[in-house]
Amino acid sequence: MTDIFDIYLLEAMVNGILLGGVLALLALGLNLIFGVIDVTWICYAELVMIGMYGMYYMVQAFGLPYYVAAPFTILLVAGLGALLHLLVIAPLLTAPPINQLLATGGVLFVLQSFATVAFGIDFRNLGIRMPVLKFAEMHFSYSRLLAFAAALIGMTLVYYFMKKTYVGTAIRAISQDRQIMALMGVDTRRIYLITSALGGALAGLAACLLVLQYDIHPFVGLSFGPITFLIVVLGGLGNFVGGFVAAFVFAEIISLGGLFSDLEWGYVLAFAFFIVMMFIRPAGLLARRS
Amino acid sequence: MTAKQSLPWIAGAALIALPFVYREPYHLHILILILIWSFAYTSWSMMGRFGLVSLGHGGFMGVGAYVTALLWNHLGVSPWIGIPIAMVAAAILAMIVAYPCFRFRITGHYFVLVTLALSGIVLQVITATRDYTGGSLGYTPDRTKGSQIWALQFDDKVTWYLIALGVWAAGLAIWKWVDRSMDRYALEAISEDEDAAAAAGVNVTWEKLKITVISALMTSLAGSLYSQYQMFISPDTVSGIAVSLQMVFAVIVGGLYVSLGPTVGAIITILLAETLRIGFGTKAVGWDNLVYGVLLVVFIIFLPKGILGSIIDRVKMARKA
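Chains A and B supply the protein sequences, listed in that same order.
One rule links them: number in my numbering = place in the first sequence (from 1) + 36.
One rule links them: number in my numbering = place in the second sequence (from 1) + 10.
Keep in mind the hints are simulated off the structure, nothing from the lab.
Bear in mind that the values here come from a model prediction, so they are computed numbers and not experimental data.
From the three backbone atoms N, C-alpha and C, an ideal C-beta is built for every residue, glycine too.
Some clues are possibly wrong.
[Stated by the list, open to error] Pairwise CB distance ranges, derived in the manner of DEER restraints:
#1 T201(A) to K330(B): 52 to 60 Å
#2 R140(B) to G156(A): 21 to 29 Å
#3 Q249(A) to L281(B): 35 to 43 Å
Please put together the full structure from these sequences, using the hints given.
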């Protein structure tokens, strides 16, 4: 059993890949917003938190089945994303980037304390118990498998949306040149709004998946928010593929680090890895050094 | 000496005399908190005013608080020695993170997110080493009997008030000192245009690193002081992203580019939190931060120079007209 490929190691590695799927989904949402609007939503994880509460109330209070509540949650958070853009980002589009960033930091406070005031600080959960899959003496929870599969499907859908539709093409074009696109007759305000809603929808999807694994409380965003930012920076802000790769690298470090010690040490290792990578590849994992 | 020059001295004398005239413990407590946080916010603004927006200062504050308290409890090292050690530790941490950032031109969003990682690391390390630090439950420095100068523990609020006042005044003095130095012009040039500054012969990396280390040293001291005064620290009150954002918020409200801006920010935010706490009672959980957050967003959109900054601008405009 001292063999390096022992069964626990393998299990941790697979769980790392499963975790990576959801992290990649979160990173994709943030990257989309950054790539197109050139804004970082510090409050991104808090949108997910609100979505998780949405799921909780729809499933627990209104008795909706999980798969019916999920689309509503996605729509709800997409609406929140659009609202965030209209109320906070749009008036600040010409302000220094730091002000935009700090304003979304203020929204983080607002959402956290709104949740505290409205829902209280109790830990809640959906009460849905997913069965555990046993495979070759390894145990994987279905909630993680479902999350992984749904995250991959979500990302594929976004990919096709970006590649095949007119709006998707416009979004990609804007991320390449902000000024020219307006001259080409593309309504940038509309594209920004659609992108924000799309980013919100991705946060909503993540909420539906994370709600199966995490207890819901107003500060739950802090348990995956910071890690999402690190992933996005490590992948290179606005670099979709880089974010995707970085998500899996991080998830493996957290999962394997957690295997040898407490889960927090997994995070500490991931953070330390991040700082070391900033020395080696400051512009992101996949960036070519100029 | 003109009236304008003598004003700070008169104000200073009044502040020193205050606790000997008026010593209501609750109000003194609020004043001490305002002074300590003002100092922390001033430390943040030392680099924030030059466009170096850091969300890692929660980390420096945590290092200051925890290193001092851990050295005292586990090794019996007096805070008089522990605080300098903690400050050096924070400075080293700042250099480790800041040097590659500045060397490789990590600015703007990137810099903010890298420093965000720093406060995340400190928070996680404190939580993970719970056998020593008490984890998220918090930590209390061992109490001595009565006031002990050696242990930097005083029962008496007046002593604490004077200490906090002294440190706060020193913070303002450092601000003035930077204001008068050549580094200020170099840093202002860098914040306008890094490449142009470098072309004009400014050592960009070195200048940025200097101000970052000064800022980290001061923030760490603020953390140690907070810990010694409150005699209780937890990862959420002295480290992490929430504390970092709280610093930025208070400074933005007060005014980032004027020396007393962070102090005004501390006065407004702490009085706001206390008023809401007393007004709502136990229902206040969350309400103070809700008002904070809304104010922060409103301020950034409508008053990006902060309250004091905007007032000073108005006065200057009126004088010109």
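Now for the hints, and whether the structure bears them out:
T201(A) and K330(B) have their C-beta atoms about 55 Å apart, which keeps the hinted 52 to 60 Å range intact. A hinted range of 21 to 29 Å for the beta carbons of R140(B) and G156(A) is consistent with their spacing of about 26 Å. Judged by the Cβ atoms, the range 35 to 43 Å given for Q249(A) and L281(B) holds: they are separated by roughly 41 Å.
Violated hints: none; the structure is consistent with every hint.
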